[in-house]
Structure formats: C-alpha cells, structure tokens
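The whole structure should be built from the sequences, with the hints applied where relevant.
Residues in the sequence shown are numbered from 1 upward in steps of one, following the numbering used here.
These are calculated hints, taken from the structure and not from any lab test.
Among the clues, some could well be false.
[Unchecked claim] Heads up, simulated BS3-like pairs for lysine-lysine below, C-alpha to C-alpha not over 30 Å straight-line:
(1) Lys-623 - Lys-841
(2) Lys-463 - Lys-434
(3) Lys-946 - Lys-359
(4) Lys-359 - Lys-408
Being a predicted model, the structure only gives us computed values, none of them experimental.
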Amino acid sequence: MLNISKRILSSSIGSSSSSSISRLLVPSLTNTTTTNNNNNKRWTNQHSLTNTMLKSFSTSTSFDMNQSTSSSSSTSSSSSSSSTSDLLGAFQKLKASSNKQDINDMNHGGVGSSNMKDSIQKLMSTINPTTTSTTTQTTEKKGINYAEEIEMIDEQLKMLQQSMLKKKRSAGFDDTNGGEEGFDQSELDRIQSLVELETKFELQVTEQARDRYRELVTSTQSISRGSGLRPIKNVVFQWQQPLFSYMEQEIQILIKEYQNNLINNNNNNNNNSNTNNNNNNNNNVQPSTSTSSSTSSNSTSNSSSKKRKQEKQVLSIPSVSQREFFNEMIEKYNEGKDKDTKQRIEEEFQKMMTRMDIKKIALLGLNGTVSEILSKTSGPKTNSVSMTVGSLVYTQYRFEKLKESDPKAFRRLSSTYGGLSSRSIENAVRQQFKETMEFETGMAFRIGTFILRCIMESCFINKYQINDGESEQVPAFYIDYRFVRGVRVSSLHLHQNVLSLIQDGHDLREVANARLLPMVVTPEPWDSPNNGCYLHYPTFIMRTNGSKLQTSSIISADLSKIYEGLNILGEVPWNINRPVLDIILAAWESGGGIGDLPSRFDYELPLAAEYSESAEQRKKHAKLVKKVKQLNHDLHSLRCDLSYKLDVGKQLREHDFYFPHNVDFRGRSYPIPPHLNHLGSDFCRAMLTFAEKKPLGARGLMWLKVHLANLSGVDKVSFDDRIAFVDSHMADVYDSADNPLNGARWWLAADKPWQALATCIELANAVRSGDPANFMSSLPLHQDGSCNGLQHYAALGGDEFGAFKVNLLPSPKPQDVYSGVAQLVSATVEHDAANGHEVAKALLGKVQRKIIKQTVMTSVYGVTYIGARAQIQNALEEKYQMDDDFVFQASSYLAKETFKSLDKMFLGARSIMAWLSQCASAIAKSGECVAWYTPLGLPVVQPYRKGGKFSIKTIANEFVLVDDEEHLPVCSRQQRSAFPPNYIHSLDSTHMFLTAIEASRANITFASVHDSFWTHAATTDDLNSIIREQFVELHQRPLLHDLHTWFTKRYPTVNIPPVPEKGHLDIEKVKESPYFFH
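Have a look at this one:
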C-alpha cells in the first residue's frame, strides 16, 4: 500500500476529476489569458501501457464519500476480469518468452516484432478488454518504448506483491493465503477504494480552496486588485523600484523647470517692455509632458529632449514616441481651454510634484493602472486610465494639503477614512477646496498622463518567460488602437507575459491554502525535499517561510535520517475515538461550554442604564462593551474552529487515517493537516486513538492509571502515589465512563478533561473485562519531558544541580522546577512585603506554581521581559480578580523576580545560553546569518534580517512593500536572541527523531508532540528505555565543541569565543532516572 497508492491514482482520478484541478482563469483575465495544459502532466502517468495495466486495479464508477468500504469494494471487484495472480503469471510468461532483440525490434518498428506486439495486446486484453483498443491506438500513435514499459510493469507488480504481503502479515493473514505468487483480490479492492477516497478528499479540499480564492478575486474591488491580491501584487510590485527611480529623475527635472519658471515670471514682471517675448520663452520652457499654450519650435523641443537625455542615466530603452504620444494627448485635451486655467494647472502640478511623496504617487499610479486594465477585458481607453489615476493621486494630494489649510477637517477625515472609500474621501475633499470642474479635471488628466508615461518608460518584462537575468526585455505596457463608431481611440494593455505571470500566481495561490485532511492511505514516503506525503497535493519537506537561503541549503543536504523519521511518524495509523466523539457532539448540541468547548451563546452586553451619566462612568461602560464584544468575536472564531474539527472527525470515523509530517526550519516535526491532529487542543487529542490495538500486558494497566493521574494534574508525586490516587477514585472513573454528561462529571475537574474522559472509558473497559492483561487497548499514553529545554541545557553544561531539578538524575519522586522557582519568587515577595513594598504586600500568598509556569517553560526558548510580563498577567487575571492597573504592576514585578530566580537556580544553563548568544552576535556583526547543522545533518539557517517590509498608507489602501530578503542586512538583535532557543529546538527534534527510529526498529508504535512521546500502554516501558538511551547517546557527543568547530570553518573571519567549561554531570545517570520523562 505504501508504494502502490500513487501508481493507482491515475485511474482513480478519471477525466472528470482531472478537470476539477484545472487552472484558474481570473474573470478579468478570461479573454486575454490562455490555459497552460502542461500543468496537468503530473496527474497522469507517462506510459500508456502502464496506464492500461493500472486500469485493471480500479474502476471508473463514481465514489460516494459516505459509501461504505465494502460496497465500494464489491463494485470495484465486479469490474475486474481476472485475478492479480493471473496477471502476474501471464506477464512473467510473456517476459520469459521474449528477448532483448525482440524488444529492440519492436521499439524500432521491426518486422519481427509482430509476435511480441500481439502477445502484449493479448495480455492487455486479458487485464481489461475495454481498454485494449484505446491502448493500441495510443501505442501506435505515440511510439511507446516497449522495453521501458515492460520494465515498469514488472517493477510495479513486484512492489504491489511486496506491499500486499506486508499488509497481510500486519493484518494477521497467513502468508500462504492466496499463495506467495498471488494477491488477495478483496484486499486489493479495499486498497483501491481507499485510494479513491483519498483522491476525493484531496480534490475536495483543493476545490474548496479554489472556490474561496475565486470568491476573493471576484469580490475584490477593482481599485484594490493591484495590491490586494498577492499574485498581482507580486508581479506589479517588481516594478516599484525602477518606477521610483525614474519618477524621481523626472520630478527633479520638473523642480528645475518650476524654479526657472519662477525666475522667468519675476523677470517678466520687472521688464514690461519685453512681456510678450518673455511669455513666449516661458511657454517654451515647459516640461515635455506639460500643457503647451502654443506649438513649441523644433529647436527648443530638441534642446529640451537632449537636456533630459543627459540628466537621465538609468533607463536603457528611452521611448521618444511615447513621450510624443502623451504630449499630443495633453494638447488635444487642452484645446479650447482658457489660457489662465492651463497656466494655473501647470503651476499647481509642478508644485504638487515637489511636495508629495514620490512613492505614494508611483504606487497609487501603478495600482490604479493595473486595476483598470484587469477590470476591463477589452483594454481601457488611455484617456480614461489617465483620468482615473490622476483623480486618485490628486485626491491624495489635496487630502494631505488639507492638514495645513484646515487641521480640524483633516483630523475629522483621518479618524474615519480607514472605513471610507476613496470616492467618499474625494467628495469630502472636493467640498473643502471648492475648485472648478475644469480645473479639477485638468489637474487629474495632467497628473495621470505624467504617471502613465513614467510607467510605460520604466516598467519592463522579459520577452521570453525565463528568468536568467540576460533575457531581452520589452515594455510591460503597450498602447493599441481600435475604432469606436468610426473614431480611432487608443487603449492600454499589459504584455501577455505579465498576464501569464499573474495567471501562474493565481494557479498556485488558489490551492496553496487548502485545508488538507489526514490521509486514508499511507503517505507516500519522503525521498527528496519536494516529493512525499499526499498523492496529488505537492508538499515541501520544510516550512521555510520563503527563505531562499534555507531552501537552497536543504536541496543539497543529506536528509536520509530526516526522511526516515518523518516516514515513521507519517505511517502510524490512527482512528477516531467514536465514544468520545459522540460525547463531544452531544455536549456541543446541548450548548457547549464544557471543558475547552466554546459556548454556543454570546456574552450579554452591559446595559448603559446601569451606569451614571458621568464622563468617567460612560468611559468605563464603553470600555466594558468593547471587551465583551471582543470576547464574542473570539467565541465566534472558536466555534468555527470546533465545527470544522468535528466535521473532519465525522468524515474519518469509519476509516484508518494517517498524519503526514514535515519540519520547520529548526527540524521540529509537525503534522501537515492543520486542524484535527494530535498537536491540537485537549478535545482534539481525546478524539484520537491508534488504529492498532495491543494487549495491556503485565504493566499496561498501571500505566493507564499513571496516565489518568497525569491528565488530572497529579503528576508531581511518585508513580505509586499516582496509582493510589486513581484507585481511590475508581467509582468516579466508572461514573465518568458510564454517564459523562449527566453524572457527577468528575472528569471535568482534570487539567485536561476530555483526554481524562477518554482514559476513564479505556480504564473502565479494561478493568471490567476481567482480564486486563489481555485487554486490547489503542489509547495513546504520553511520556513528557520535565521542562525539556532546561534538560538539554543542563546536559550541555554538565550542570549537576540544574540536572537534578529537571529530573536528569534519579530521585524518589519527580522534581518540579516550576514549584522550585515559585518558592524562590515567593520568598522574595515575602521579604519585599516586610520592607513595605505595596505590590509585594498585595501578592502575599498569591505566587503559585501556575502563575510562573509558562514563563519558566519559555525562558529557555528566548521569552522576553515583555512576553513574560504578559504571560504572568494572563495567569493572574485567570486566577484572581484584580484591577487592570494593579495587575500590570504586579505582573511586571513578578516577571523581573522570576528571571532573577532562574538565574540563581540554573547557572550552567545561563552560561551556555550566554555563550550561544555571544557566538550569534559575533556572526551577525560580520554580516552573516547564523547557520549550523543538527546532529542528523539537517541544515538550519536563521532568516532574521533588518527591514524588508514597510508600509505606505494612502486613501486607496495600505501598500505593504517587501524587499528581497537575501539583499537585506542581518538583524543582529534577532540573530542573537533567537539562536539559543533555536539551537535547543534543533537538539530536541534530533532526540525525537532518534527515538522514533529506534522505536520503529523495536516495532513500537510512536507519535510525538515535540517533547511529549506517545505509545501504547503495553510498550511504555520499552519506549522509556529508548528515550533515555537516545538522550544519553546524543549528549555523549561533544555538541558544543562540534558547533564551535563548524562556526570556525564556516566563518573564518569571526572571532568565536571559547566553549564554556563543562561541569561534572554523569550523563549515564539519565538511564536510571524514572522521572526523566514521565
């Protein structure tokens, strides 16, 4: 099943399904963009004869997602004309009777190949008579390589046979059932039905993502398309820098001409005798794109053109014809207009260009131009685009000018314009300035023509769709002509390659955010960074967040161990815990609000009548209303999330399923399905069980009780005390299992109530079976690290005291680092309260373990003071009723004291953390990103750089511009603060992968949630031994010295500080610590 899923899929998809993955044609591009059918090549096999053989394993019948597997299997088997064993035998016989010369003759159309062809056609006819004629026609038309076809069929049949034998053995079938040389047809049909179901699931989520994206495209306002839709933005914004540079040069020329005009005007006023001559000269000095009151002489025009050519060095492809075209547009527009109005327009235009931010002008113009083109399939008129773009920019200019002329009106508009359309703002601004329509439209047209000319002269695209940096470039925009009612009009268009790039972006974007489901067939194994997991949906092995450096480092690395570990995690079969799912559904239908289920009812808004009319009371009421509204918004989001997860659970309740995994840039593994998975919330985890059941054995029942105690929050005592706790509550366990919603509901008091309920049901069933040792259990049991980050720090530094506090060393009961820190903080609070500290007095007796737990846990992962303060504030608000002002002061105080207590308790960890920070700081100051290899060979690159993203807010929208990250300077602060936690994450992921690989070799079912390792109750003892052995093996390596050596070689010019001296911790003692993971 592992190897045949993808090879069966071609016939499962069928022609109708293939069309459902067709490329998206954005409505605005329908008439201008053609579909590239080559993108569908990955959905069909390349070999026609192989397709024919595969069609014997599938049917073309439609598949209902809710149809039972058995009914699908019977339908599938009814269409099969021969057994798989007959197929294999016939093929082997055909191979034995042929030779290489026959095959070569047939490949070259030789005369002696007819017998071989007849034999293959006969075999195909035996496989599936309905496809014989089609295959013959395809073969003759395409000239199939028969040698390659035979070799592929042979390879696939062997894979299928091995997979079937493996499945039969794992299912408990006798190897002789059906014979070693044959297959069990019913099992093959069952696998085929699952492949069809997986195909349906993947196509379903892909089409849902496509529909959501198409709805977004069609609902996006045209003026926002250029910046609101990422595929368009990614293409359009590649011109931002050339346009900025070009427009800046043009505006500098305008400034000089504007200054010359002022000088000339002054001279005109002082020399009355030469007024007319000076006026004529003034007109000749207008910029080439300005309004001219009379036709300029050829000599003046040529000198102005030469002047511009000398002052502009950036553009390599000047377009004199375009300049003349826009000059002609302006002249035609200004025919018959008043001379004074034209002069005022030109002066105001030049003044605007000297005052307004060039980036705003460019982005508004570029966005408006592209939006106009994409919203009109036949191409908008050039005059219309000029007017639209110019109006938008002119409105922005007047809106900013309003700040000087009428600050009160500006503030009033500024406070609301985030919710107003650009048209509304334009009307509001028009009322403030009260300009004539002739002047306003003249200004808009003058601005628009200038922007269009700059765009057409600075925006280019490759003539051919390759990105080698040497391709010939052509203008990205062009002007065409058409006749409308006998009049020739010009229209503006985008180059076809621009439309193709936008189209490619839409094709990728429409399915990029598909909400993938767990797989109902075993995921395809990872064998390269971009090949694995889903049958149809492409995935990448690492979540790089767009980092090119990280992606390139992955491609050339040896990831064999990472592949092996991810494949092990992905091949674990899961089931829905049906009793728990039914209880959750019943609780949700009755109103929710149980455990971590959100309530189905909103909070009531406070009534205004309850407050007096004083300003202070009204302010308090408004603040409370805002808070309640936010709570209701959060509730809505939680309800949507819950509904989706429950729908996934209902879809999968009749099937085994799998969670394909990939990793983040530090190597931590994550399931790819984003919603229902074992990394989810309490009720998500409670809904999941292993598909495989194993007898509890001698100690399985004991581990079940320990697990229930852990989930109930009784995990800081010895195993014996945990067992005693559960034994004393067995009546509550039975009541919870039998009457979870209407009984005493003891399970709701647990820290993780839904998982506790699932454990109560499993434990009750095991005890009531009468023979717990042979009870078949599938419930996952967790073994969690004791503040795993500090465990790695203590091991790295050889810190014996810190190691004892985090259970690296044996002790009669588990040490609780959180309680230890809480005690130190409490002692400080008591001391400060005795000395009169007001905040400390109010906190007496309130510093409990839970208040500082999250801060201690995340301290080793780089939590900042601000983050720690927020964590403690949330814990205080959840536990106590405190005034907002006081809770801020209290959380600030406790955050500082928590950090001080950590420094006292974990000196070794702090020294390692400081050394890692020093290394990162030195490397970052040299201009490099910090990079290293994990012990398993995974390359890690910290992507943090300065800037790269900035926003420009306009009346149309807010433009968020992102620079190419590879050319940005590194951010020393982020590189320094993130390296210690990232390095520790890379170590804990290594420990997890090593454990997973060894557990698989020992035939132990294994799943993980970072530093929480899951397995059956029966194999918990065995897994515990592997966890400790792999941790010891990992930390027996000179990890910090290896890192120092790597840094020295990778950054030869950087002075890497020496490794801190290591303590005397005996790492072998970890194997004897019962509470290292517990």
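Cross-check of the supplied hints:
1. Lys-623 - Lys-841: holds (29 Å)
2. Lys-463 - Lys-434: The given pair, whose Cα atoms are some 47 Å apart, is violated under the 30 Å limit.
3. Lys-946 - Lys-359: Given pair Lys-946, Lys-359 holds - Cα atoms ~20 Å apart, limit 30 Å.
4. Lys-359 - Lys-408: Judged against 30 Å, a Cα distance of about 26 Å means the pair holds.
Hint 2 from the list above is the single one not met by this structure.
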